[in-house]
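As a plain string of letters, each chain reads:
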Amino acid sequence: MYKKTAKKAIADPILQSALSGLQGRLGPATASLYKNQPEGPDLRAKAHAYRRKAVDNLDIMLVTLAEKIRQNGGEVHFAATASDAVAICLDIAEKNNVKHVVKGKSMVTEEIGLNRALMDKGIEVNETDLGEYIIQLAGEKPSHIVAPAIHKTRKEVGQLFTEKLGTPYTDDPPTLTWDARQALRKKFMAADMGVSGCNLACAETGHITTVSNEGNIRMATTLPRVHVAFMGMERIAANLEEHQAILRLMSMGAAAQQIGGYVSYIGGPAAPDHADGPASFHLVILDNGRSRILADEEFREMLCCIRCGACLNVCPVYGKIGGHAYGSAYTGPVGAVVTPLLGGINEASNLCQGETLCGACRVACPLELNLPRMLLALRAKLSEGDSRWDVKPKSRPEKMLFQIWSRVNCNRKFYDILLKLGRLIQKTMPSSNKMIRRLPWPFSGWTRSRDMKPLAEKTFMELWKKNQGGKF
Amino acid sequence: MEKESGRKILMDPEKQFINTIRTALGRPGNQPPATLFTTSPSQEEKILLEKINTRTHQERDALIEQLRQTVPSLHMDLHLEASIEETARAIGRLIIEKEPEWGTSKSVVCWDHPLINQLKLSEIAELRQIPIHNTKFDGKDPQRKKEIRSQVEASFIGITSADYCIAATATLAMKTRPGHARSVSLVPSIHVAVVREKQLLADLRELYTLLKWDEAEQKEGLTCNLTLISGPSKTGDIELVMVHGAHGPRELHLFIITEAELSD
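Note that the protein sequences, when read in sequence, are chains A and B.
If you read the first sequence in the working numbering, its first letter stands for residue 1, the second for the next number, and so on.
If you read the second sequence in the working numbering, its first letter stands for residue 1001, the second for the next number, and so on.
The following block holds chain A by itself, in its conformation from the complex (with noise of 0.2 Å):
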C-alpha cells in the first residue's frame, strides 16, 4: 500500500508542486525564526528538556491537571484505548442529547475514529477548520498535520464545492474561503457540540490550550453548550514558563508564526454569570499505546513530540510521497516513527524503512527530536524481533545475508577472493554509462530503481600499495 500510494504520488505533478511548494515556503521560514528568539538559540535545547521533564513525571502531570479542572467545574475522562474514548464521547453526546457537532482539527480524533462513530449514531458533524472540511466533503483523509488539503488544487476544491455545496464554480481560494465560511457558519451556530484536541496542557495552571489561524477551534468551543476536548495524555507541560516556551516554538514549526493567530487557554466550562461559552466542559485524556511507548526508553523521547508538522516541511520522503503513502493520521518523519509505535511495528514497516536519515527532521524541529536514531530503532526492531513489542524478526534470508557478509568481511583473503570474483562476474551485467543497469536475482531489487557503480578496477589498499609502498 506504501510503495503503491507512494508511486502514484510521485507520477502526480500537480502534488509535485504543491509540496515542494510547501516545502520551500515553511522549511526555510521555520529555520530563520529559530534564530532570532530573545532567550537566545538554546531555547530549543531548553524546551526539549522541559517536555521531557513533564513526561517522565506524567502521572503527577495528569492528576494535577484533572484536579484543577475539575475544580472549574470541568469533568476529566481517562480513556485507556480508542474505543474506551469513543464510549465516553458518545456516552456524553446522548447525556446531552447532541444532534451536530462541530470539530476544530484534531489527529487525536482521527486516531480514534471518532466522526464515523458519532455519525453512525445518527449524529451530524462538520470538521471546521478548512483544509479538514474539504477532505471531509471530498472523503478522503488528511495529508499534512497542518495543511490537511495541501494534495488538492483550487480547481479540485472548486469542483466540490459545486458539487457538494451548490456553489458556483469558481477557482479562486478567496471566493472559496468565502463559500466554506457562509456553509459552516450556519453549522456552528446550529451546533449544540464542539469538539476540539489538545496542542499543549499546562498542569500547574489546569488549562489545556487551542491553537488555530481561522479562529474556528474558537467558535466550535463558544458558540455550543457542550465542549469535549480530546488530548492524547503526553500533551503536557509543568508550569506556565514552560507552557509558553514550547507553545511559541510549535507555532515556529507549524507555520512559522511567532505565535499563532489565536490561543486559548481553556480551563473550564463558563461560568454561570459568563455571557456566553458551553455550559459543560469534558476533557478526555487518551492512552491508546502511549504507555507502551512511555515504558520503553528507547522511543519515550517520541512522546514529547508536539504534532506541528516542522518534520513534514523539511523531509525530502514526504516531499515526494506526500502524507497518503503514511496511511495513518500522522503523516511525514513523525508518522514514520509514531505510527508504527501506536499501530504495530510490523503492519507498518514500510513507514521507517522508507524515511533516508538524512537527520533534516531532526534539525527542523523545534524540539530538536531525534527522529533518525528512533528510526533505526524501529529497524533494529524489525530485523532483530521484539517480543515486548510484538515484533517478529521481518526477514531471515536478509539476516542470514548479512551474518554471511560479516564473516566475509573479517576475512581479507576470501574478502579479495570475492572482489576479484566480482570483477570479472560484473563484466557480464548489462549496463550502460560506466554504471550496472540490472543485476541478477536476489540483488534485482537494488537496481529496480537505481543503477549500480561498478566495483572499481584496483581498491583502495591496492593503489596506496602500488602507488606509496604502503607508506605515508
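Rather than coming from a laboratory, the hints here were simulated on the basis of the structure.
This one's a predicted model, so the numbers in the text were calculated from it and none came from an experiment.
Be aware that a few hints might be false.
Here are some chain B residues pointing at chain A (derived, C-beta under 8 Å) [said to hold, decoys possible]:
no.: 1; residue: PHE1017
no.: 2; residue: LEU1036
no.: 3; residue: PHE1037
no.: 4; residue: LYS1145
no.: 5; residue: ILE1148
no.: 6; residue: LYS1219
no.: 7; residue: GLU1220
no.: 8; residue: LEU1222
no.: 9; residue: GLY1231
no.: 10; residue: SER1233
no.: 11; residue: ALA1246
30 Å max Cα-Cα, derived DSS-like pairs, lysine-lysine [claimed, not checked]:
no.: 12; chain 1: B; residue 1: LYS1046; chain 2: A; residue 2: LYS99
no.: 13; chain 1: A; residue 1: LYS141; chain 2: A; residue 2: LYS3
no.: 14; chain 1: A; residue 1: LYS95; chain 2: B; residue 2: LYS1015
no.: 15; chain 1: A; residue 1: LYS155; chain 2: A; residue 2: LYS121
no.: 16; chain 1: A; residue 1: LYS121; chain 2: B; residue 2: LYS1146
no.: 17; chain 1: B; residue 1: LYS1145; chain 2: A; residue 2: LYS95
no.: 18; chain 1: A; residue 1: LYS46; chain 2: B; residue 2: LYS1175
no.: 19; chain 1: A; residue 1: LYS186; chain 2: B; residue 2: LYS1015
no.: 20; chain 1: B; residue 1: LYS1140; chain 2: B; residue 2: LYS1175
no.: 21; chain 1: B; residue 1: LYS1046; chain 2: A; residue 2: LYS35
no.: 22; chain 1: A; residue 1: LYS95; chain 2: B; residue 2: LYS1140
no.: 23; chain 1: B; residue 1: LYS1106; chain 2: A; residue 2: LYS186
Computed beta-carbon distance windows for the label pairs [stated by the list, open to error]:
no.: 24; chain 1: A; residue 1: ASN97; chain 2: B; residue 2: GLU1147; range: 38 to 48 Å
no.: 25; chain 1: B; residue 1: THR1035; chain 2: A; residue 2: GLU298; range: 18 to 28 Å
no.: 26; chain 1: A; residue 1: ALA49; chain 2: B; residue 2: ARG1022; range: 18 to 28 Å
no.: 27; chain 1: B; residue 1: GLN1016; chain 2: A; residue 2: ASP390; range: 30 to 40 Å
no.: 28; chain 1: B; residue 1: ASN1030; chain 2: A; residue 2: GLY469; range: 37 to 47 Å
no.: 29; chain 1: A; residue 1: GLU298; chain 2: B; residue 2: PRO1028; range: 20 to 30 Å
no.: 30; chain 1: B; residue 1: LYS1219; chain 2: A; residue 2: LYS155; range: 53 to 63 Å
no.: 31; chain 1: B; residue 1: ARG1022; chain 2: A; residue 2: LYS164; range: 40 to 50 Å
no.: 32; chain 1: A; residue 1: GLN159; chain 2: B; residue 2: GLY1103; range: 27 to 37 Å
Backbone N, C-alpha and C define an ideal beta-carbon position, used for all residues, glycine too.
Could you slot chain B onto chain A? The hints should help.
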C-alpha cells in the same frame, strides 16, 4: 481491587490509567524531582516585572513604534487616538463607513467594560439609526443570554477591550469575565479592540511573566478562558494562498488611546 491471580478485576478506570503510567515510569522507585512546579520568580523574572511596572511614557512610545511595524504583516489596522472622545468618533466613522457582510442592516455589539462604556457610542448623533448592543449579563435571566447570543450573531462589528496588547507580535490578551462575552471578538465580521497605552507590553515573555507572578493576575488566575488574538482570522488551506476572514473576523482594528495622563 488489585491484581488477582494475574487477572485484572474491575478497577476505577482513572486509577488504572494512572497506575499504568506509574508502572511505565518505574514508580515508586523512581521519584519525581522537587522542582516540577515553580513557586517563586527567577531573578530574571523579577527584573522583568520591575521593568514593566516602572515603564515610562517615553518607553511606551517605542513600543507603539514597534507595534506599528508589526501590524501590517498581520493584516491589522492600527489607530492611535489622543483621547476617549476621539476614539469614539473614529469608531463611529468606521461603523458608518463599513458595510455589513451578512444582510443589509447594521448593528454593533460591545463588551460591558468600563473603557468601552466610556466611549458612549450610542450618544454619537450619526449612529442614532444603528442599534448598539451591550453584553451586560448578571447570570440570572437565561432569556437575556439567548438575546445576547442573537445580538452578537446579528452584529457586523464587535467592540472589546483587552487586558494587554503585546507590541512584538500585535497580540491581544483577554481573560474571560462577566460582561466580556468571548463571542464579541469572534463572531462579528469586524473586531474593534480598544486599549490604553499603559496596557502595552513589549513581548510575550512579559505577558507570561505578569500572568504568572503579578499579584493581582495570580489571584485571578487565567480564568476558564484566556484568549490571545494576533490579527484577524486567516487561512492558507487552499494552495497556501493567504485569505483573511476564514471563520472569525475579516478585519481587526486596534485602537490605542495615547493620552499621557488619564483623569479617570
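We went through each hint and held it up to the structure:
no., hint, in the structure
1, PHE1017, "holds, 4 Å"
2, LEU1036, "holds, 5 Å"
3, PHE1037, "holds, 5 Å"
4, LYS1145, "holds, 7 Å"
5, ILE1148, "holds, 5 Å"
6, LYS1219, "violated, 13 Å"
7, GLU1220, "violated, 12 Å"
8, LEU1222, "holds, 5 Å"
9, GLY1231, "holds, 6 Å"
10, SER1233, "holds, 4 Å"
11, ALA1246, "holds, 4 Å"
12, B:LYS1046 - A:LYS99, "violated, 51 Å"
13, A:LYS141 - A:LYS3, "holds, 17 Å"
14, A:LYS95 - B:LYS1015, "holds, 24 Å"
15, A:LYS155 - A:LYS121, "violated, 34 Å"
16, A:LYS121 - B:LYS1146, "holds, 28 Å"
17, B:LYS1145 - A:LYS95, "holds, 23 Å"
18, A:LYS46 - B:LYS1175, "holds, 28 Å"
19, A:LYS186 - B:LYS1015, "violated, 41 Å"
20, B:LYS1140 - B:LYS1175, "holds, 21 Å"
21, B:LYS1046 - A:LYS35, "holds, 26 Å"
22, A:LYS95 - B:LYS1140, "holds, 25 Å"
23, B:LYS1106 - A:LYS186, "holds, 19 Å"
24, A:ASN97 - B:GLU1147: 38 to 48 Å, "violated, 23 Å"
25, B:THR1035 - A:GLU298: 18 to 28 Å, "holds, 26 Å"
26, A:ALA49 - B:ARG1022: 18 to 28 Å, "holds, 22 Å"
27, B:GLN1016 - A:ASP390: 30 to 40 Å, "violated, 21 Å"
28, B:ASN1030 - A:GLY469: 37 to 47 Å, "violated, 60 Å"
29, A:GLU298 - B:PRO1028: 20 to 30 Å, "holds, 23 Å"
30, B:LYS1219 - A:LYS155: 53 to 63 Å, "holds, 56 Å"
31, B:ARG1022 - A:LYS164: 40 to 50 Å, "holds, 48 Å"
32, A:GLN159 - B:GLY1103: 27 to 37 Å, "holds, 29 Å"
The structure is inconsistent with the numbered hints 6, 7, 12, 15, 19, 24, 27, 28, although it conforms to all the rest.
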